[in-house]
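**Student:** Each chain, letter by letter, is given below.
Number of protein chains: 2
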Amino acid sequence: MPTLILSRNDVKELLNMFEVIEVVEKAFQEWSQGKGNMPPKAYLVVEKGDFRAMPVSLPGTAGVKWVNVHTNNITRGLPTVMGVWIHSDPETGYPLAVMDATDITAFRTGAAAAIASKYLARQESQTLGVIGAGRQAYTQIQAHAEIFKLNRIKVFDRSEAAAEKLVKSFPDYSPRKCTLEEVAASDIICTVTPSREPLLKKEWIRPGTHINAMGADAAGKEELEPSILKEAIVVVDDIRQASAAGEINVPISRGLFTVNDVYANLGEIITGKKPGRTDPEAITVFDSTGVAIEDAAVAGLVYQKARQAGTYPSFNLVDG
Amino acid sequence: MPTLILSRNDVKELLNMFEVIEVVEKAFQEWSQGKGNMPPKAYLVVEKGDFRAMPVSLPGTAGVKWVNVHTNNITRGLPTVMGVWIHSDPETGYPLAVMDATDITAFRTGAAAAIASKYLARQESQTLGVIGAGRQAYTQIQAHAEIFKLNRIKVFDRSEAAAEKLVKSFPDYSPRKCTLEEVAASDIICTVTPSREPLLKKEWIRPGTHINAMGADAAGKEELEPSILKEAIVVVDDIRQASAAGEINVPISRGLFTVNDVYANLGEIITGKKPGRTDPEAITVFDSTGVAIEDAAVAGLVYQKARQAGTYPSFNLVDG
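Residue numbers (the numbering used here), protein chains in the order written: chain A, 12 to 331; chain B, 12 to 331.
The following block holds chain A by itself, in its conformation from the complex:
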């Protein structure tokens, strides 16, 4: 069985947010039940940037995401982050597919936030606030639109042009450019910035708000005033990653928050080991760094759909 080679356009064509949410939720469930395996990422540092190898398995799926971060790429007209996923058969190790992982990453990040919102936001949530209008903002809106009946979307970005572009991309929802404070007055807030100092002030947050803190993914990054975390019910995707690189990393390093202040991880909420929102007045926070089980789940879905379609290019990569 030759190896499928799926380009960025092919993967885009095969991705469907409704299905992505379904498989990502299932992945958290399986992982929480001890059915997956996710060794620590291996970091390779080079002069101009770095690479991460993220190996992972779930029932029926194994693979590795190889992803770079080169912040100067913008001057060359290349994306900062590019990802390739090798999809392997866990039974034999055979490489079933090699595919672009850029949109897989964006979709699974949106899906994880919407899943967290499903369990942690108030069910009647109607307004979505998005802080940061880069690539990840789009899938936050797409994913939340699958789960909630949104009647208002508010957008903030330091760049007028970026905010304008995002707003124009969702004409069905007539999103509005707003100030930070206006965005903060939403039922659900998603922060998707690379900020290294808090953007979201405690005084702006209304009771009952749910916040998806998606931006922080490295030591030193933070988007929320630590006093928000102190009072909120905090759920993480993975406690090891969150405490080292997620929204809670800076408050922990300053002694303002501890690992014991974390209420649960998302898998525990999904599997019902711990209840999600019980108090309509509570402020809830989902701290996401992005975990490889999400990638594996989505890549597995893309692979299945591509095989079923039977029209994508394949290649005798390791045979012969």
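Don't take every hint at face value.
Put simply, identical chains are the same to the list, so a pair is met inside one copy or across any two.
Said to hold, decoys possible - Computed list of lysine to aspartate or glutamate pairs in EDC-like fashion (alpha-carbon distance at most 16 Å, straight line):
#1 46 with 102
#2 59 with 102
#3 284 with 36
#4 176 with 214
#5 285 with 208
#6 46 with 58
#7 23 with 330
#8 160 with 183
#9 241 with 272
#10 213 with 192
#11 212 with 236
#12 46 with 36
#13 213 with 198
#14 160 with 135
Bear in mind the hints are in silico, worked out from the structure with no lab data behind them.
Given the coordinates of chain A, work out where chain B should sit on it, guided by the hints.
**Tutor:** Below, chain B alone, put in the same frame as chain A:
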């Protein structure tokens, strides 16, 4: 610039042992000079086998080898080990190529042994003994034939058929099937078996012999009687890997050998930090576990040759 996709046959076509030896020797040199970067492998264990992600950089090259070991594959007619290499531009992170890594692994392993022999065996060595006639045996012979004027090749394998097949593959050298003891009476001995107990006896080894111990690559594996190591000048490819998984791992765990008994690593010999063979009567041993810088060097060579040829398939993998 689209991503090259190179199949196993393409890679085979582009590999040339003379050039491989050249770039692998250079890679050890650069690595020894602190110019490369090789973080520890990330292991992913699944029910039926395991995977390793091996990220690595050298000047001008970065990438990851994703390789599996599934010992039951033989019952399915699939190789136990299959490898894929993603070749990335260290300047931008762009995936320049995805290629089969099976023959890259075999070639670089043969090259590393021949380079060790070049510095550690007697220059006038003429007889090569090969213990184990599996896939790795072929490149041991090819690589040594590039460096030495071989006038006799002796082969041993428990499987008559495997030994026969190897012998017939090198008609120019008229190799001969021999007993273990006969093979041991060679100027250079290469052991390429998955043995978990010593095959090569101390009493068989003549003064002045060089041994490439290539088989042991996991805890518990060994091919030489520990008393050989005790008396020999021992050189390793990488002391971290060798002490954990190489020929010296079992003797170390039994207290029969220590890390301090290792004379040098191969890079130190190549760069002249420590002399190679000085005594014609000495027994020398190269303990090789296989390091990712070897893969990176060979993959870089294959990539350059494929781009120059301009006739290999490429693909808009991450663009769009």
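**Student:** Taking the hints in turn, state whether each one holds.
**Tutor:** Results for each hint:
no.: 1; hint: 46 with 102; result: within (15 Å within a copy, 38 Å between copies)
no.: 2; hint: 59 with 102; result: between (37 Å within a copy, 6 Å between copies)
no.: 3; hint: 284 with 36; result: within (15 Å within a copy, 56 Å between copies)
no.: 4; hint: 176 with 214; result: neither (29 Å within a copy, 78 Å between copies)
no.: 5; hint: 285 with 208; result: neither (31 Å within a copy, 51 Å between copies)
no.: 6; hint: 46 with 58; result: between (38 Å within a copy, 11 Å between copies)
no.: 7; hint: 23 with 330; result: between (28 Å within a copy, 11 Å between copies)
no.: 8; hint: 160 with 183; result: within (12 Å within a copy, 77 Å between copies)
no.: 9; hint: 241 with 272; result: within (8 Å within a copy, 55 Å between copies)
no.: 10; hint: 213 with 192; result: within (10 Å within a copy, 79 Å between copies)
no.: 11; hint: 212 with 236; result: within (6 Å within a copy, 69 Å between copies)
no.: 12; hint: 46 with 36; result: within (14 Å within a copy, 43 Å between copies)
no.: 13; hint: 213 with 198; result: within (15 Å within a copy, 77 Å between copies)
no.: 14; hint: 160 with 135; result: within (8 Å within a copy, 82 Å between copies)
This entry does not satisfy hints 4, 5, going by the numbered hints stated previously.
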